[in-house]
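Protein sequence lines, in the order shown, are assigned to chains A and B. Position 167 of the first sequence, counted from 1, bears residue number 166 in numbering that gives the first Met the number 0, the numbering being contiguous throughout. Position 178 of the second sequence, counted from 1, bears residue number 177 in numbering that gives the first Met the number 0, the numbering being contiguous throughout.
Because the hints were derived from the structure by calculation, they are not lab data. Hints are all accurate, no fakes.
No farther apart than 30 Å at their CA atoms in a straight line, the calculated lysine-lysine pairs in the DSS-like style are these:
1) B:K112 x A:K8
2) B:K15 x A:K206
3) A:K229 x B:K231
4) A:K8 x B:K190
5) A:K57 x A:K70
6) A:K8 x B:K179
7) B:K198 x B:K179
8) B:K190 x B:K112
Here's a subset of chain B near chain A, in silico, CB distances under 7 Å, partners left out:
9) V18
10) V29
11) T98
12) A102
13) F104
14) A105
15) F111
16) T124
17) I127
18) N136
19) T166
20) V267
21) S287
With beta-carbon atoms standing in for the labels, derived distance ranges:
22) A:A14 x B:Y78: 36 to 42 Å
23) B:I4 x A:T198: 16 to 22 Å
24) B:K15 x A:T220: 27 to 33 Å
25) B:I213 x A:F53: 45 to 51 Å
Idealized CB from N, CA, C, for every residue including glycine.
Residue-level listing of the chains:
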Amino acid sequence: MLERQNNLKALFYLAPAMVLLSVFTFYPLFNAFFLAFLRDYEFLLRSAKGFTLFGNFKNVITDPDFGIAMKNTSIITFISVPISVIIALLISVALNSVKKLQGAFQTIFFLPYVTNAIAIGMAFAFIFHADYGLLNTILGWFGINPINWVGLNASWSNAMFALLVYTIWGGLAFKIMVFLSGLQSIDKQYYDAARVDATPRRRVLTKITIPLLSPMIFYITVTSFIGAFKAYRTIIGMFGETLRPPGTLSKDSLITIVGLVYDALAHADATGKMSEAAAASIILFSITMIFTLVQMQISKRRVHF
Amino acid sequence: MQNTIRETRIRTILFKVLVYTFLVGFAIFVLIPFYWMVLTSLKSFQQVRTEVPPSLIIGLKDIRFLENYASAWNAAPYYQYMLRTVAVAAISTTGTIFTTIFAAFAFARLNFKGRDFLFLALISTMMIPGEMFVITNYITVSNLGWYSPLGQTQTEAFLALTMPFMTSVFYLFFLRQAFKQIPDELYLAAKVDGTSDWKYLWKIMVPIASPTIITIVILNAMGTWSAYIWPKLVATEYPLVTNGLREAYQDFFGMVNYSQQMAAALIVTLPLLIVFMFLKKYIMRGVSRSGIKG
Chain A
0 MLERQNNLKA
10 LFYLAPAMVL
20 LSVFTFYPLF
30 NAFFLAFLRD
40 YEFLLRSAKG
50 FTLFGNFKNV
60 ITDPDFGIAM
70 KNTSIITFIS
80 VPISVIIALL
90 ISVALNSVKK
100 LQGAFQTIFF
110 LPYVTNAIAI
120 GMAFAFIFHA
130 DYGLLNTILG
140 WFGINPINWV
150 GLNASWSNAM
160 FALLVYTIWG
170 GLAFKIMVFL
180 SGLQSIDKQY
190 YDAARVDATP
200 RRRVLTKITI
210 PLLSPMIFYI
220 TVTSFIGAFK
230 AYRTIIGMFG
240 ETLRPPGTLS
250 KDSLITIVGL
260 VYDALAHADA
270 TGKMSEAAAA
280 SIILFSITMI
290 FTLVQMQISK
300 RRVHF
Chain B
0 MQNTIRETRI
10 RTILFKVLVY
20 TFLVGFAIFV
30 LIPFYWMVLT
40 SLKSFQQVRT
50 EVPPSLIIGL
60 KDIRFLENYA
70 SAWNAAPYYQ
80 YMLRTVAVAA
90 ISTTGTIFTT
100 IFAAFAFARL
110 NFKGRDFLFL
120 ALISTMMIPG
130 EMFVITNYIT
140 VSNLGWYSPL
150 GQTQTEAFLA
160 LTMPFMTSVF
170 YLFFLRQAFK
180 QIPDELYLAA
190 KVDGTSDWKY
200 LWKIMVPIAS
210 PTIITIVILN
220 AMGTWSAYIW
230 PKLVATEYPL
240 VTNGLREAYQ
250 DFFGMVNYSQ
260 QMAAALIVTL
270 PLLIVFMFLK
280 KYIMRGVSRS
290 GIKG
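Could you put the whole structure together from the sequences, leaning on the hints where they help?
Listed below in structure tokens is the structure:
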């Protein structure tokens, strides 16, 4: 129940947030589209030579980095997300089934969420160090020779593997938290009924827990796809601003779509670069939008039990 | 009969062992980067550089705590970076809290023209990648004279670092949910007593929603602490702590000093861990809720 309309009072309460959002959120949104269609925009002079429909998009897409970025971003997204969703699901189911030490485990699993992506990226880079790293030390116990994961001239696939491990590590915390709270809200009656029927544990998991959790699993998977598609800080953490192991060529770069945006922005003074940054960000937006629309469609129709 | 009971008991115990092994295994996986960071930060430069493979533990007498941490602390002006980061976090968090409290109150409690449409428009912006805003915000901040590659004053740097972050659609949404849960009866009772909206907001709603507000304060401050991209773009001469991390930790011959680098990483990570340990409840609740509501 609300009181009657009072536009003036509402305006008073809304003004501070709305002014800030207009300047730093709404206007940038429209301006990104405006910039992306300017021809030869000179940022220093704030002037352009008219408009171009696809010019800036073409510049972005025909750049060899674009293909590399698309490949890297897709691999990061479609490999790390399913793996971390499955691991997070198993961990939260396991965590939900134990009583002792549950709180302690929960705290440990949540730690990656509150840490600094750059600092932990540096730690991971050192874990993967060829000579002084932990991973090669452990592999050495099994007679495996040191592998050059992220060092000088490291191969793209090795560097990508290291990045994926870090990405999965970083993605677990949030998913575990959400799944765990989802599990705790499942009605206990289902499990009591299963116990009365002496249903095996595996069937309880596949016939009760996972179906009841399915809307949440789906939601988390799609939002994680979107999040992973915006990967950037993890790569800076592990590889620095060059976004690739030292000594490697740009074709072996681990650059992502967000990396393209910031690369273009870093050269904003050059002709047309600001527009290319805007075009790249619109491409990123379109891709994440597809994920969002798919999610909206499916969660409208299916998944509910 | 006796046998089957024993059998199920054994199976239950085996299952428990399996579950705990699984959990311990992944707990170790999660903790390894922290352990490696701490361990390396305690070793001497020599030890890190000469031991192949590296030792996985460290003897008490080999610990070079002061050496590494003091040099990491001095390698970049961390003291300045931290003070600046804390100041930026304090300003933007205070701003965010006030603007979102006001706006959330309007959306949760007041009736005005176009309310639902406006709220929907705000929520929709959450789907848009931040990079899209960053480009124009960089231009805006330059146009306002807060940033120029030629140089900026400390005040200009602070304006550039804080003004775009004085409000947040996500926290506004989050707070509105908390305000919505307060029963209408309370509001009606306050109205009967002649309490003004302003007083009702500060005396009733804010105290009731204070756990949510605390969560917002913590998450927002932690976000500033880990900010990297924006400060690097618009405050080149006034970096925040996380920017300091990527400064070179190299010795005279260009060799990376890993112990120093890891010490620096730990210096930046530790405050986050301490805040987490003390305010775990608020952070975890905020996160699991944000996941459910979306």
